[in-house]
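With chain A's structure known, arrange chains B and C on it following the hints.
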Amino acid sequence: MTRSSVAFEGTKREQKAVARKVARSVKTSSGKLDRSAGKRRTTTIIVTGILVIVAVYFLVPVYWVVVAATKSSQDLFGTFGFWFAPKISLWSNLHDVLTYDGGIFVRWLLNSVLYAGVGALVATYLAAAGGYALAKYEFKGRNLVFGTILGGVLVPGTATALPLFLLFSQLHLANTYWSVLLPSIVSPFGLFLCRIYAQATVDTSLMEAARLDGASELRIFHTLGLRILSPALVTVFLFQLVGIWNNYFLPLVMLSDPKKFPVTLGLNNWLSQVDRLPEFYQLTTGGVLLSIIPLGIAMVVLQRFWRGGLTEGSVK
Amino acid sequence: MSPLTRRQLLATGLSLSTVALLAACATPGTTSVNSLAKVAAAAPGEKVQLTYWAWLKGLDKVCAIWNAGHPDIQVEAVFIPGGNAGGYQKMYSALAAGAGPDIAQVEMRSVPEFVLVNGLVDLRRYGADSYEHLYDPTLWKQASYTGGLYGIPQDSGPMATFYRPDLLDAVGAAPPKTWDEWTQVATELQKTKVFMDSFALADASVFAAFATQAGAQWLTPEKDGWVIDMTDDATLQVARFFDTAIDKNLVTTAYAAYSPGWFAAAADNQLATITTASWGDALIEGVANASGKWKVAPMPTWGSTGYGSSYVGGSTAAVLANSKHPREALEFTVWMTTTKEGIDALIKYCGIGWSPASDFIGTTREQPSTFFSGQNYNEEVFVPATKQQNADWSWWPVTQQSFNILSDGFRKKGSGGTLVDAVVSAEKQIMTVFQNKGLSIRKASK
Amino acid sequence: MSAATETRRTAARAGHGSTGPSRKRTGSMKRAPWILLAPFLVMFVLTFVVPILIALGSSFTKVTRSGLFGEKGVTTSFAGFANYAEALQDGNFIASLWRMLLFGVVQVPVMLIFCTVLALLMESASAKWPGFFRAAYFLPYGVPGVIATILWSFLYVPGLSPLFDVAKLVGVTPDFLGPNTVLWSIANIVTWSYTGYNMLIIIAQLKSIPVEVYEAAKVDGASPFRIATSIQLPLIRPALLLTAVFSIIGTLQLFAEAQVLQKVAPAVDSEFTPNLAAYTTAFAYNDYNVAAAQAVLIALVAFTLSIVFLKVTNRKES
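Chains as they are written, first to last, in the numbering used here: chain A, 1 to 316; chain B, 1 to 446; chain C, 1 to 318.
Keep in mind that a hint or two might mislead.
[What the hints assert, rightly or not] Below 25 Å or equal to it, Euclidean Cα-Cα: the simulated DSS-like pairs (lysine-lysine) are:
id, chain 1, residue 1, chain 2, residue 2
1, C, Lys30, B, Lys443
2, C, Lys218, C, Lys207
3, B, Lys193, C, Lys168
4, B, Lys61, A, Lys259
5, C, Lys207, B, Lys223
6, B, Lys413, B, Lys141
7, B, Lys38, A, Lys259
8, B, Lys38, C, Lys72
9, C, Lys30, A, Lys140
Hints listed in this document are in silico derivations from the structure and should not be mistaken for laboratory results.
Bound conformation, chain A alone (with noise of 0.2 Å):
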């Protein structure tokens, strides 16, 4: 058994540890352990400090937006950044943002969700069927297509994407919602953790009974692959759904109507306009906070399907 199914059963594990981990706390705090019990504290006090600094660190430049957001521009730059203005515009700036330009933000926010929702749903679907392909069918070629694919995974998306525009220029698609759409559905990354999950959890003798059931390849997969390979796909998911929705230079380089542009560029596209007019300032925070929201409240809940573990292995 590789290493990377070992990190699967992680789940199980995981489960049991934090049982025991319970178990364990209600034993020390019914007191067997008296004599550490003090320094025991000073270790919490200590641990929680240095983590609640960290925390600092990282919620300061979200504090900062926030408070921003609710300021004129003229406040902006007169009173002190973090804290709040005497008088509080947030609503007037949030509706600025809303209405600027007959409502471009919210189309800007919108395509964002289509490219990353659709994108990261066909991704996801393509990765599975390959991986799945690739781990439960033995036939030449197999090891060529692989490699080729691993070695997609070390390019940087980056060096592509010029290329790539000069390609969709000539198929005509540069400048069109297919000109993000279609490199976003290709995962080389996903299609290699479904093929690490598939090889370890989709059963051979599964396969097999269905196919004595005579359904047909297809239709195992579609059934019964896709089922067992659920949770690796929600990773995958999640994977490419935050990369689309993060990225930045693909669109940069295949759009140029704003109208289709996800709300990276759009805001970018504002904040190019600050030195010229600082009213600019305004809708760039305001936008800001309001482009963080969703994927913030969306991170805070998805941490936990984070599996960590899926990842496990693959540099192998």
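Same frame as chain A, now just chains B and C:
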């Protein structure tokens, strides 16, 4: 079918399609729209839709005025980032993709760069000659290359010095008339911990404007190719002058004009003057609590040599190569830049730079300004300035790259380099850039 | 591995049967993986293989324009290594590669140590409110690089940033955007963005360590520090390696941070990072061929560094 044949088939298919794709992937910008047949005017009654990319706020309101009077030619304004801050990159990528707007804002200095990649329509082919008399001849010339006109002048930036009378009074000085006086005033100001101005190490365009004023002419198109002369007396004089000013700490290089740091310093009374283009007025009005504190004077001169003023910025409304309606686009841009209606709207909604029309600066600009201490500075200072500019200056096809090379050199000023060294080395590098593109270039003979 | 052999065995078994249905079965068994792979492969070829071939092709091509603007003719010809030579002679491009190397050598280890220490602290069972801290640390990962940079750039700019007011209290005037500091200001943004994410990967790895191992260590009287160095660190090594490889590739891809900071930091030139250089060459200088050569060089460097890194760390292990 055996797997082997399948693989072979797949391989053959892939390599064939790859070869086809590679062959189709010619480098963009290698065919010229101006050698093709002219695009016919729209048929009567045909509805024409034009797109106009520019970084002018409120341009849509200007277009709305035109649209109301011209139901058959509708213009839609699209906001893009300013020039090299991202706007040009968008235009180039759109051009390479065979798309793009009909009209785009292209700075004077960038027109030849777009010409080099066949990005612009020669408007003389569509009858631009009949409008030439309406425009400032200096600007018209800056949009004309190799016998064609590649953009309608949209605005320009004649230069003057904006100053703080209170800060100058404090040291008993008047706005300097020459650069020598400028140094004297700056030395006095230094004692009160006030900077004379800021100097942008990262943006060579202001330096180029000062060199232009001193009489430089960096690149000249000749019959046998480009002639470069960046190490002439005028340029070196300007470079030495600012080397000294920076060394003596008379100007600050910590922030460039109109950056957040500049606004903060200006509001904090740390800057006494700024020698800049006419469009600087709108930006200076953005300084906190500055109303009534600024006035405008002609920029300092080099005494007996050079010119009275210069220019920074200045744009054209150019028709991009993939436009389906160049004739209609020309009609609109001429209306926008020469009629009273168009100029006044551009000023009112876009706060645009100096009008390119030879006989009208805009109604509001004929009035005194409350912000600038009631001074009628446009007619007093800028109108004469437009008459004292270096008309021989010509831009060249790698302006941006040249400016980047220059400012890369200027940045070394922070670590012991000099502006003079930067200019000398930039000249050599720019010649290499020309040669790498196959363009012929030679050094001017002394 | 076992799965693969089994599949082969199954296929072989199915192949031996000479009855009609099972031959049909064999055919579909052979077709199935290709059908499943086809959509991915088609898109992979379109978005990875072909662009790389195009980049290679175009990096060996040269466009020559004669006259003042190419009005006397434009020729496209084979360039040999001329574009590569031009890219490699460009001092700024080379400088950007060295800059990224310096960045990687400093930022990647700092971030890895930072996130490992955080993960160990979080797992030490001494920490209160672990849920809150995990969420707080992970939050920046959901903030796109551009937006993170916009956010931090506001905190770097004098006159706008409250950090300067805070610094004044202790009597220092920081300069986040100076020629010697801006690289580390970018490093801060990258660290801010990815530490939490990497921490989660390591935590997941730590959780897979059986509790029995800890218990045994405790019985043996091992100190928490000893447990960390001799049990936890060796076990999270694969996760650290993976993170390191992705960080190396990520470092070479740096673009948005530099491009956005360019507007407020004069020290950031148009070729500050290799990617920014390629982008500028393509879309500001319109030299798609040299840009292609730069893109190929960037990919080569990323590839080589990743391979070398894996080789070196593997050798150390054995």
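We went through each hint and held it up to the structure:
Only pairs whose Cα atoms come within 25 Å are accepted, and Lys30(C) paired with Lys443(B) is rejected, the gap being roughly 69 Å. For the suggested pair Lys218(C) and Lys207(C), the alpha carbons sit about 17 Å apart, so the restraint of at most 25 Å is met. With a CA separation close to 19 Å, the supplied pair Lys193(B) and Lys168(C) stays within the 25 Å bound. Under the criterion of a C-alpha separation no larger than 25 Å, the hint pairing Lys61(B) with Lys259(A) is consistent with the structure, at around 19 Å.
Taking the CA atoms of Lys207(C) and Lys223(B), the gap is about 76 Å. The hint is violated against a cut of 25 Å. With a C-alpha separation of about 34 Å, the suggested pairing of Lys413(B) with Lys141(B) is violated against the 25 Å cut-off. For the hint pairing Lys38(B) with Lys259(A), the CA-to-CA distance comes to about 31 Å; that exceeds 25 Å, so the pair is violated. A hinted pair counts as satisfied when its Cα atoms are at most 25 Å apart, and Lys38(B) with Lys72(C) qualifies at roughly 20 Å.
A hinted pair counts as satisfied when its Cα atoms are at most 25 Å apart, and Lys30(C) with Lys140(A) qualifies at roughly 9 Å.
When the structure is compared with the earlier hints, violations turn up for hints 1, 5, 6, 7 and for no others.
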